[in-house]
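Asks: Residue-level listing of the chains:
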Amino acid sequence: MNELRIALQSLKMSVKTRMQYRADSLVAALAVFIRESANIIVIYLALLKFDSINGWNVNEMLFLFSLLFLTYALVVSLFADLRDFSRMIREGRFDWLLVRPRGLLFQLILNNADIIASVGHGTLGILLFLISAGKVGIRWDFATILYYVGAIVGGVLLQGGMFIFFSSLSFYFVETNSLREIFYWNMRKFAGYPISIYHKLIQGLIIYVVPFAFVNYFPAQYLLRKPDMAGFNEAYIYIAPFVGGIVYLAAYLFWRISVKRYYSTGN
Amino acid sequence: MENIIEIQGVKKYYKIAKREKGMLETLANLFNRKYETKKAVDDISFSIKPGEIVGFIGPNGAGKSTTVKILSGILYPDSGTVQIDGFIPYKQRKQYVKHIGVVFGQKSQLNWDLPLIESFELMKFIYRIPQKEYEENLKLFIDLLDMEDFINQPVRQLSLGQRMRGDIVASLLHSPQIVFLDEPTIGLDVVAKERIREFVRYMNKTKHTTIIFTTHDMQDIEKVCDRLIMIDKGKKVYDGSIHEIKSKYANFKTLELLLEDGSKELKTFDISVTPMSAVMEQLFSEKNIKDITICESEIDDIIRDIYEGRIVLDRPETERN
Numbered sequence: 704m705n706e707l708r709i710a711l712q713s714l715k716m717s718v719k720t721r722m723q724y725r726a727d728s729l730v731a732a733l734a735v736f737i738r739e740s741a742n743i744i745v746i747y748l749a750l751l752k753f754d755s756i757n758g759w760n761v762n763e764m765l766f767l768f769s770l771l772f773l774t775y776a777l778v779v780s781l782f783a784d785l786r787d788f789s790r791m792i793r794e795g796r797f798d799w800l801l802v803r804p805r806g807l808l809f810q811l812i813l814n815n816a817d818i819i820a821s822v823g824h825g826t827l828g829i830l831l832f833l834i835s836a837g838k839v840g841i842r843w844d845f846a847t848i849l850y851y852v853g854a855i856v857g858g859v860l861l862q863g864g865m866f867i868f869f870s871s872l873s874f875y876f877v878e879t880n881s882l883r884e885i886f887y888w889n890m891r892k893f894a895g896y897p898i899s900i901y902h903k904l905i906q907g908l909i910i911y912v913v914p915f916a917f918v919n920y921f922p923a924q925y926l927l928r929k930p931d932m933a934g935f936n937e938a939y940i941y942i943a944p945f946v947g948g949i950v951y952l953a954a955y956l957f958w959r960i961s962v963k964r965y966y967s968t969g970n
Numbered sequence: 030m031e032n033i034i035e036i037q038g039v040k041k042y043y044k045i046a047k048r049e050k051g052m053l054e055t056l057a058n059l060f061n062r063k064y065e066t067k068k069a070v071d072d073i074s075f076s077i078k079p080g081e082i083v084g085f086i087g088p089n090g091a092g093k094s095t096t097v098k099i100l101s102g103i104l105y106p107d108s109g110t111v112q113i114d115g116f117i118p119y120k121q122r123k124q125y126v127k128h129i130g131v132v133f134g135q136k137s138q139l140n141w142d143l144p145l146i147e148s149f150e151l152m153k154f155i156y157r158i159p160q161k162e163y164e165e166n167l168k169l170f171i172d173l174l175d176m177e178d179f180i181n182q183p184v185r186q187l188s189l190g191q192r193m194r195g196d197i198v199a200s201l202l203h204s205p206q207i208v209f210l211d212e213p214t215i216g217l218d219v220v221a222k223e224r225i226r227e228f229v230r231y232m233n234k235t236k237h238t239t240i241i242f243t244t245h246d247m248q249d250i251e252k253v254c255d256r257l258i259m260i261d262k263g264k265k266v267y268d269g270s271i272h273e274i275k276s277k278y279a280n281f282k283t284l285e286l287l288l289e290d291g292s293k294e295l296k297t298f299d300i301s302v303t304p305m306s307a308v309m310e311q312l313f314s315e316k317n318i319k320d321i322t323i324c325e326s327e328i329d330d331i332i333r334d335i336y337e338g339r340i341v342l343d344r345p346e347t348e349r350n
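Keeping their order, the protein sequence lines are chains A and B.
Going letter by letter, the first sequence gives residues 704 to 970 in our numbering.
Going letter by letter, the second sequence gives residues 30 to 350 in our numbering.
Hint data in this document are derived by calculation from the structure and do not stem from the laboratory.
Hints may contain errors.
Stated by the list, open to error - Lysine to any residue pairs mimicking SDA-like chemistry, simulated, CA-CA at most 20 Å apart:
no. : chain 1 : residue 1 : chain 2 : residue 2
1   : B       : Lys136    : A       : Gln810
2   : B       : Lys293    : B       : Phe313
3   : B       : Lys44     : A       : Tyr966
4   : B       : Lys123    : A       : Lys715
5   : A       : Lys715    : B       : Gln138
6   : A       : Lys715    : B       : Asp142
7   : A       : Lys715    : A       : Asn705
8   : B       : Lys44     : A       : Tyr965
9   : B       : Lys136    : B       : Leu189
10  : B       : Lys136    : A       : Asn705
11  : B       : Lys123    : A       : Tyr955
Work the whole structure out from these sequences, hints included.
Replies: Rendered as structure tokens:
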């Protein structure tokens, strides 16, 4: 249970750190919330006019978005150090992890939590879920709840895996932010909408290359069964909760190989 | 007694991408990178017995940090063997680092915004330190380093000396047998330095901790260490007692001459080659000298002379031990 105590102490430290600057933290979390909400409001207003996007009405769209925000809230409370990993390498803070008797990823995951982003995205995610979940025709029974929880866990692992993958690249290149900007953040923007609206090429990217589709689109399809699913292999909605685990495992293996470079070159 | 640290023929070369001036060259570089090899550590061997305090010195860029990183398991050596306390650091990282403590004077491991105690608590869990041992160590360190007053202040409000003491405690709470102190006195005032030296000596005396201490301050070495290892350009240039180096190079005398015209001149002689009487004779015949002062060679001066190439050391004849 020692691991749990490290996690709790780390979380306590992250929270206490933010509480040092109480007003600032509150404003920052609010700013994240408002920034993200703005996108949602635009879509909301647009849908008042158009009624639906490829068959998805307002509430279904909000439900699709809620998965993105909820998983991200958990991702930044666990993988914050991996999101900012290239900076950690540059500042030489990675050395500290190497002289402690714990796994490196273990320390990176437990160490810091981005409380601000977590609260901002999390609040919005919960809000969108509460607004939409009752109105999209999902029967919330044991099976759907189990699937839903699995999808959230899978979504967290999938994005965490991507952060681990991009962090591993830091062992080869000094600066990896632009790669991450293109592949992670831009793909995440695409993932806000039903992917059936995009060109095949972009669909391919978002299913096979940066598989955000398994974070929200396919899980939402399992629960909502919209007609545009006809364009994709139906198996995807069943495997969606497991894709995260696979991506995470692959990223972990890539990390194991890449971290060896650090031992041989330093920073 | 068995050696606790044993390193043999350790080499570490870095490949550095060569940067060329000019647009065309930069462009060409993108496709055909040229590398330069920097020999950070070039065939270093030494061994250390349990309970020794060894001063590890050398000019900037001599390879000190790289060596400390190899010893603490952060870097693989390109060749050579490293055996510390029965472990091969870079191969058995997790097992090995339980037994060592590392302080990088230039990099803090403390949480900037929180009181020291929070970072210490985290160390307790990370190193699985039993509560009793943790409390005893913490109490002892707080007493010895006089930390009572600032233990509850956020680290960002601490002075450099206070912060450094905090960093040292964080690295020693798990009672490591071997401690690497990489410039723990850098930027500190005399009082703060003295406090850290006293603490290091105490830990070595009472807990029999083996300590490697890198520094640029010769006072640190003279007051704390029994033995000195000096490296330069990746090679070991001296390994022996402080006393030895002093007596060995006490032959180098520096004379300060005050001439008739009021100007001053410094002359360094090796009196084992030219006896003092001959030196005097020669000087008096050449110059109009008003006064002569013989400067005792302090360890500081000796080291400076070695760094600057005025004294050429013979490579250590044979390995110690």
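Asks: Work down the list of hints and note, for each, if the structure agrees.
Replies: Do the hints match the structure? See the list:
At most 20 Å may separate the alpha-carbon atoms for a hinted pair to count; lysine 136 of chain B and glutamine 810 of chain A meet this at roughly 18 Å. Restraint check: the Cα-Cα separation between lysine 293 of chain B and phenylalanine 313 of chain B comes to about 15 Å, which is no more than 20 Å; the hinted pair holds. Proposed proximity of lysine 44 of chain B and tyrosine 966 of chain A is supported: the alpha carbons are some 14 Å apart, at most 20 Å. Distance restraint check for lysine 123 of chain B and lysine 715 of chain A: the Cα-Cα separation of roughly 25 Å exceeds the 20 Å cut-off, and the hinted pair is therefore not satisfied.
Between the alpha carbons of lysine 715 of chain A and glutamine 138 of chain B the distance comes to roughly 17 Å, so the proposed pair stays at or under 20 Å and holds. As the CA atoms of lysine 715 of chain A and aspartate 142 of chain B are separated by approximately 13 Å, the hinted pair is consistent with the 20 Å bound. For the given pair, lysine 715 of chain A sits about 15 Å from asparagine 705 of chain A by alpha-carbon distance, which is consistent with the 20 Å threshold. For a cut-off of 20 Å, the pair hint linking lysine 44 of chain B to tyrosine 965 of chain A stands: about 13 Å separates their Cα positions.
Simply put, lysine 136 of chain B and leucine 189 of chain B have alpha-carbon atoms about 12 Å apart, close enough for the 20 Å limit, and the pair holds. Taking the CA atoms of lysine 136 of chain B and asparagine 705 of chain A, the gap is near 27 Å; set against the 20 Å cutoff, the hint is violated. The suggested pairing of lysine 123 of chain B with tyrosine 955 of chain A holds, with an alpha-carbon distance near 18 Å, which does not exceed 20 Å.
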